[in-house]
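Peer 1: Each chain is listed here by its residues.
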Amino acid sequence: MTLTPGNHIPDDDLVLFALQLLPEDRMRQARQHVEACDLCHDEIARLQGDLVAYSMSSDFQAPPLPARERLMRQVAKEPKPVSIPEPLVGLQDRTAPRPQDRFPEAPARLPEVPARFPEIPARPPEVHDRLPERMPDRLTDRIPERAPERMPDRLSDRLSERAPERLPERMPDRISERAPERMPDRMSDRLSERAPERLPERLPERLPERSDRRHERESGEPIFRTRQSRTLGTERHPEPPEEPEEERRHLPRAPWVLAWTGWAVAAGCSFVAGLQLHQRQQIQNTIAAQQARMDETTRQANRAHDALATLTAANAMQMPLHSTVEVKTTPAKPGTPAAAPTPSPEALVAYLAEKGALVFIGTHLQPTPAGKTYELWLLPANGSNPMPAGTFKPDAQGSASIVMPAIPKGVQAKGFGVTMENDGGADTPTLPILMAPA
Amino acid sequence: MKSNLEGREVFRGATDQDVQLLDRVRRGEEQAMATLYDRYSKVVYSVALRVLRDSASAEDVLQDVFLALWRRPETFVAARGSLGGWLAVVARNRAIDSLRRKRPSEQVEEVYLASPFDLADEAQRNTMMKRVRAILLHLPLEQRKTLEMAYFDGLTHSEIAEITGDPLGTVKTRIRSALLSLRKELEA
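If you're matching them up, the sequences are chains E and P in order.
Under this note's numbering, the residues of the first sequence are numbered 1 to 438, in order.
Under this note's numbering, the residues of the second sequence are numbered 1001 to 1188, in order.
Keep in mind that the hints were calculated from the coordinates and are not lab data.
Keep in mind it's a predicted model, so treat the numbers as computed, not measured.
Backbone N, C-alpha and C fix where the C-beta goes; we use that ideal spot for every residue, glycine too.
Check before you lean on any hint, since a few could be wrong.
Capping the alpha-carbon separation at 30 Å, the derived lysine-lysine pairs in DSBU-like fashion look like this [to be verified]:
no., chain 1, residue 1, chain 2, residue 2
1, E, Lys355, P, Lys1184
2, P, Lys1184, E, Lys393
3, E, Lys393, P, Lys1042
4, E, Lys414, P, Lys1130
5, E, Lys355, P, Lys1042
6, E, Lys393, P, Lys1130
7, P, Lys1042, P, Lys1130
8, E, Lys77, P, Lys1042
Facing chain P, according to a computed beta carbon distance under 7 Å, are these residues of chain E, among others [to be verified]:
no., residue
9, Val52
10, Pro63
11, His278
12, Gln281
13, Ala288
14, Gly424
If you want the footprint, here are the derived chain E segments under chain P, 3+ residues with CB under 8 Å [claimed, not checked]:
no., region
15, 43-50
16, 70-76
All chains should be built: construct the whole structure from the sequences, respecting the hints.
Peer 2: As structure tokens, then:
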């Protein structure tokens, strides 16, 4: 592109750029320059503004009503996932990171489940690991050395793995005191079989110190009967109390149920909210469409009222128009009856200058060729250029009308004329004038 | 606003109502889209009809323009000018593209627009139409015709020169002179 000495786009090319009529390569060059040049950028903007103003010279016509419904149907088919209300987002993707913003309680539970789950299988090794460390503190100086011989089953198996030499000495002393009375089940049976005389002596002294299970025993509940190995481990371990253990036992199911219940409720709420939102938008669209129809009907009614007022106003100009060209009639073939003469086109213009209101009614009009239209012109009384006053095409019966075209108020008319123009109309009349006042 | 020229506000941004409506469109509110359509469909359709002279084709452009707004409302930047003016220019450009059976161009949407007119207001629109028409009537016929061929027929200056037999430079100057006269009269 040839740039001016000031390194700017020439003014004439700026206009073509705004009109998007430059060749593609020059458009590209100009675009690059405009992006970097404030002066040219500002002038382009002003030219665009001028073009907007020029656009306003068009006849304003409302699009057909179905166009609105067509657009809104298409719009409804293209919802925006980003902007869909919150519940729907939760419904669309439950695993997405976003739901935690919307359902704070749900994610708060979810992380706990995996966190606690692993603890259950981790427990037994933990207990066993601790067993040898704690066992010596409590048992080594009390358990008699003979215990291995008298506790050959589960208890003795475990104890012998960790402290085979120490256990035998003291175990019999402690357990023997109460074993006959309070351990009637497997444990006590086994102990009583193997160390009936020794165990009762020391066991009462140590048991109260070990855990609160003493109360359970005292209340007669046979905890050793079913949990021998596990309670033994925990009993000797002061840290894992009974309650957390119970809690752990139930957690694997409860949090999952609660978590999924939360999600299910959230999903249900989301679905219902989404459904209601969709219905609400449909209703709003229906109302808007009805409102548009009502506005259009009101506008048409107002136009009809103005048109009627124009036709009946005492000070309205009533001007008949007649054809200025001879109507061609097809000559009758020899031997056939003569065709009826074609009536000459006639029209009546009612015009109220103070309101800029005009009604044109034409009859017996000749059909227009394809791509052509009739156009009515107002001839201002001050002698200025003719003003377009609407286009029309006759129907099958040769009738046509123009009702309330856009005409500035207060333009006094000395006459009207009809010409034939290209579809869409023209700004200046194209001769010949087909209809004019008599 | 981008800048001032001669102390006059050059870029009049979109109205608050339009900004709010566009924001709602951005959030996917169909009702806001319907409202925007009610405000500007007449402008878009009329400009497209003037270019294409066929109601079905103009309706296609109307759908195209508003669907583009629905899909990419961020394309219009409020500070760059009025939404109505922007839509009018976009409608014209898309109609010309349709006329030339060309793939729609997106470039014009990125250009700033100095348009001080609120085209959502039908009364102001009609007043503007009358003023512009009155101004155009006083322009030399050659200028008026050349501008019309360039804007509403989408003819390049070369094509216009071929049709009218005028030199290329003359065609360019006529288009620019017509627009500058229009601007001058509207600012008067």
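Peer 1: Return the status of the interface hint for E:Gln281: holds when the least beta-carbon distance to chain P is below 7 Å, violated otherwise.
Peer 2: holds, 5 Å
Peer 1: Does E:Gly424 pass the interface hint, meaning its C-beta sits closer than 7 Å to a C-beta of chain P?
Peer 2: Result: holds, 4 Å to nearest chain P Cβ.
Peer 1: Quick one, are P:Lys1184 and E:Lys393 close enough, alpha carbons at most 30 Å?
Peer 2: Answer violated: P:Lys1184 to E:Lys393 is near 37 Å, above 30 Å.
Peer 1: Regarding the hint that E:Pro63 lies at the interface with chain P, is the smallest CB-CB distance below 7 Å?
Peer 2: Cβ of E:Pro63 sits 4 Å from chain P, so the hint holds.
Peer 1: Against chain P, run the beta carbon of E:Ala288 and see if the smallest gap drops under 7 Å.
Peer 2: holds, 4 Å
Peer 1: Would the pair E:Lys77 and P:Lys1042 pass a check requiring their Cα atoms to be no farther apart than 30 Å?
Peer 2: With Cα atoms ~23 Å apart, E:Lys77 and P:Lys1042 stay inside 30 Å; holds.
Peer 1: Count the residues of the region 70-76 of chain E with a beta-carbon closer than 8 Å to any beta-carbon of chain P: does the count reach three?
Peer 2: holds (count 6)
Peer 1: Hint check: E:Lys355 vs P:Lys1184, CA-CA at most 30 Å. Holds or violated?
Peer 2: holds, 28 Å
Peer 1: Is E:Lys393 close enough to P:Lys1130, meaning Cα to Cα at most 30 Å?
Peer 2: holds, 24 Å
Peer 1: When the nearest CB of chain P is found for E:His278, is that gap smaller than 7 Å?
Peer 2: Since the shortest Cβ distance to chain P is 10 Å, the answer is violated.
Peer 1: Can you take a look at whether the region 43-50 of chain E is actually covered by chain P? Rule is 3+ residues, C-beta closer than 8 Å.
Peer 2: holds (count 7)
Peer 1: Hold the hint about E:Val52 up to the distance rule: shortest CB distance to chain P must be less than 7 Å.
Peer 2: holds, 4 Å
Figure legend: structure checked against the earlier numbered hints; hints not met, in rising order: 2, 11.
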